[in-house]
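K.L.:
The lines below spell out each chain.
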Amino acid sequence: MYTFPNKLRNLAIVFMAVGFMGLVYGFLAAPNTIEEAKAIVAANHGEGHGSSHESSDAETSHEESTTHAVEASHGESHDAEHDEHVFHQLSNKPWAALYVAAFFFFMISLGVLAFYAIQRAAQAGWSPVLYRVMEGITAYLLPGGIIVIAILALSGMHLNHLFIWMDPEVVAHDKLIAGKVGFLNVPFFLIRAVIFLSGWTLYRYFSRKFSLAQDEANDISNHKKNFRISAAFLVFYIVTESIMSWDWVMSIDPHWFSTLFGWYVFASMFVSGITAIALITIYLKSKGYLEFVNDSHIHDLGKFMFGISVFWTYLWFSQFMLIWYSNIPEEVTYFITRIEDYNLPFFGMLIMNFIFPLLILMNSDYKRINYFIVMAGIVIILGHYMDVFNMIMPSAVGDQWFIGAAEIGGFLFFLGLFIFIVFKEMTKAPLLAKGDPYMGESERFHY
Amino acid sequence: MSNKVVHALYDDDDVLLNAVKMIRSEKHHIEEVYTPFPVHGLDKAMGLEETRIAIMAFIYGCIGLCVAVAMMNFIMIEDWPQNIGGKPSFSYLENMPAFVPIMFEMTVFFAAHLMVITFYMRSKLWPFKKAENPNPLTTDDKFLVEIEIHDNEKELEQLLNKSGAIDVSIIEKPE
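These protein sequence lines are chains A and B, in that order.
Heads up: the first sequence begins at 1 in our numbering, then just goes up one per residue.
Heads up: the second sequence begins at 1 in our numbering, then just goes up one per residue.
Honestly, the hints are just simulated from the structure, not real lab data.
Keep in mind that a hint or two might mislead.
Said to hold, decoys possible - In silico lysine to aspartate or glutamate, DMTMM-like type, Cα no more than 25 Å apart, as pairs:
1) A:Lys303 to B:Glu49
2) B:Lys173 to B:Asp140
3) B:Lys21 to A:Asp295
4) B:Lys44 to A:Glu443
5) A:Lys224 to A:Glu441
6) B:Lys124 to B:Glu105
7) A:Lys225 to A:Glu443
8) B:Lys44 to A:Asp295
9) B:Lys162 to B:Glu172
10) A:Lys303 to B:Asp151
11) B:Lys21 to B:Glu31
12) B:Lys21 to A:Glu441
13) B:Lys21 to A:Glu340
14) B:Lys44 to A:Glu340
15) B:Lys87 to A:Asp295
16) A:Lys7 to A:Glu291
17) B:Lys129 to B:Glu31
18) B:Lys44 to A:Asp300
19) B:Lys87 to A:Glu331
20) A:Lys303 to B:Glu50
21) A:Lys303 to A:Glu441
22) B:Lys154 to B:Glu49
23) B:Lys87 to A:Glu340
24) B:Lys21 to A:Glu330
25) A:Lys303 to B:Glu105
26) B:Lys44 to A:Glu330
27) B:Lys162 to B:Asp151
Claimed, not checked - Here are some chain B residues the structure puts well away from chain A; computed CB gaps all over 12 Å:
28) His28
29) Val39
30) His40
31) Glu50
32) Ile55
33) Phe58
34) Ile75
35) Trp80
36) Asn95
37) Trp126
38) Asn133
39) His150
40) Glu153
Just so it is clear, CB atoms sit at the ideal spot from N, CA and C, and this is done for glycine as well.
Pulled out of the complex, with its shape left as it was, chain A reads as follows (with noise of 0.2 Å):
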């Protein structure tokens, strides 16, 4: 058995605390009143636009009504309205910087479920010694999920503005979200997104189950029901990801849609969740625990995760090179937008999430040593926490984005969190599955 030490508890209450308050900061440095937005406007106004990201605040509302698209009611002046559309997207830093963390780490262990279930469904021989850590991992979906249920119930109840589609106002003179009510509501978003937590949680409830029920078992009944809703699991998964995907991160941008937009977000959250199981794989045997892991399946990891960043770049470059072609002005705002105001971060993680695995990567030695895959699992962590970063800040904060403290103190918070939580479930069950029928191949597993 597994028992949670001290210092590592410590650690992620700190990293919770530590974020906790930069989150608060951040939420106490954004305007509270319209009054107050309207003075940093006054202040700032007159310094122009198009300047980079050092510029007001002020500006990114200007931005920000172009980038949207919303600007249809606003005059040069600055009336009521659109005062407090300023002062709307002035209040969404610090919540999008909590949106993106949140998001971000519940798809960590999201992508860990899928990669659970496809070995589940394979029959995989290699993989049983690694089970407990992942699902350990799982662990974190139900309630990284509800939180980041929760945020967009707020966002439902106009407490914040990062889903411009879900203000009546905005609606009103906008035909294009008009044309996409019948889908884009509050009810039905929220319906939506709880019937997909629940799927997902409901399959790792039974999994679970099955799987500690299978260790004390004298047959492999357990482990062919598990095989059985693995399965099931991976159609509706495969559903509910891409329409959760349209639904949590490209409706923050209702103008604009990819249709292969679900698999781009499923090969972020893929890789991510890979690279956490090398990680926590790596950090477990280093402690002296999960004796049975071996370099080869360290070696198998490092495979996934040189393979699926590839993946992840052809995606990326599916979406981008087909809309940068086409240069349609309603499809290239996305990539221009990012491009002007977000170019550090954004060729920036290309670099973190695809030259950099590829070139640490690509030698089968490396993958053999766990300081390189530690190395390369760390960039890539952070090169894909910058990919939802770019998913969803441009439309929520425009030119005014800073890795700041909301944004240090989201990801700590929720890095806390997932350490926590996850490291907790494994001291409930032993971190070898030994009733698993596969288990002697995976043991034995040598390339």
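Based on these hints, arrange chain B on the given structure of chain A.
P.N.:
This is chain B only, laid out in the frame that chain A set:
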């Protein structure tokens, strides 16, 4: 210098693998092993040097990438400047997304073809070359181990029979 060799036939790859390990632990030098399909782990059991083809593949890929960049730059930018996707920038870098599929394909093309050619040259294979395998059964379902004899026929024969060979024969190798 003797040019007598012993040929031991096996009918199972697991038996072969164990036999190879056994022969090597008895300090006999295995000349060559002929198999109908690649046997996993045989190279390690035989103590062969690790292949360097991966390094060559990387280098060939880099060459392919460079060729693609030079080629596209000449064709699409210098020789006959093209307006790509309504963006007449006439700069390679700004039009790069349009060239990425070609750069990728050329990388793969060069790596794959040059790797095959390298492998053929390294294995001394070329069209119309006479087959080297001493026993046609090794193209069907049998495995053959070839060991040079240095006045130790009896000992070797015993060892090979013990290791599970289905047939052991001594052959004068025409030089």
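K.L.:
Does each hint fit the structure? Answer for all of them.
P.N.:
Against the structure, the hints:
1. A:Lys303 to B:Glu49: holds, 23 Å
2. B:Lys173 to B:Asp140: holds, 23 Å
3. B:Lys21 to A:Asp295: holds, 23 Å
4. B:Lys44 to A:Glu443: holds, 21 Å
5. A:Lys224 to A:Glu441: holds, 17 Å
6. B:Lys124 to B:Glu105: violated, 28 Å
7. A:Lys225 to A:Glu443: Between A:Lys225 and A:Glu443 the Cα gap is close to 23 Å, so the pair holds against 25 Å.
8. B:Lys44 to A:Asp295: holds, 17 Å
9. B:Lys162 to B:Glu172: holds, 23 Å
10. A:Lys303 to B:Asp151: violated, 49 Å
11. B:Lys21 to B:Glu31: holds, 14 Å
12. B:Lys21 to A:Glu441: OK: B:Lys21 and A:Glu441 at ~23 Å, within 25 Å.
13. B:Lys21 to A:Glu340: violated, 63 Å
14. B:Lys44 to A:Glu340: violated, 53 Å
15. B:Lys87 to A:Asp295: violated, 50 Å
16. A:Lys7 to A:Glu291: holds, 21 Å
17. B:Lys129 to B:Glu31: holds, 21 Å
18. B:Lys44 to A:Asp300: holds, 20 Å
19. B:Lys87 to A:Glu331: holds, 16 Å
20. A:Lys303 to B:Glu50: holds, 20 Å
21. A:Lys303 to A:Glu441: holds, 19 Å
22. B:Lys154 to B:Glu49: Violated: B:Lys154 and B:Glu49 sit about 30 Å apart, past 25 Å.
23. B:Lys87 to A:Glu340: holds, 17 Å
24. B:Lys21 to A:Glu330: violated, 67 Å
25. A:Lys303 to B:Glu105: holds, 22 Å
26. B:Lys44 to A:Glu330: violated, 58 Å
27. B:Lys162 to B:Asp151: holds, 19 Å
28. His28: holds, 26 Å
29. Val39: holds, 15 Å
30. His40: violated, 9 Å
31. Glu50: violated, 9 Å
32. Ile55: violated, 9 Å
33. Phe58: Violated: least Cβ distance 7 Å, not greater than 12 Å.
34. Ile75: holds, 18 Å
35. Trp80: B:Trp80 clear of chain A: closest Cβ-Cβ about 19 Å, beyond 12 Å.
36. Asn95: violated, 10 Å
37. Trp126: holds, 29 Å
38. Asn133: B:Asn133 is indeed farther than 12 Å from all Cβ atoms of chain A, at 28 Å.
39. His150: holds, 35 Å
40. Glu153: holds, 37 Å
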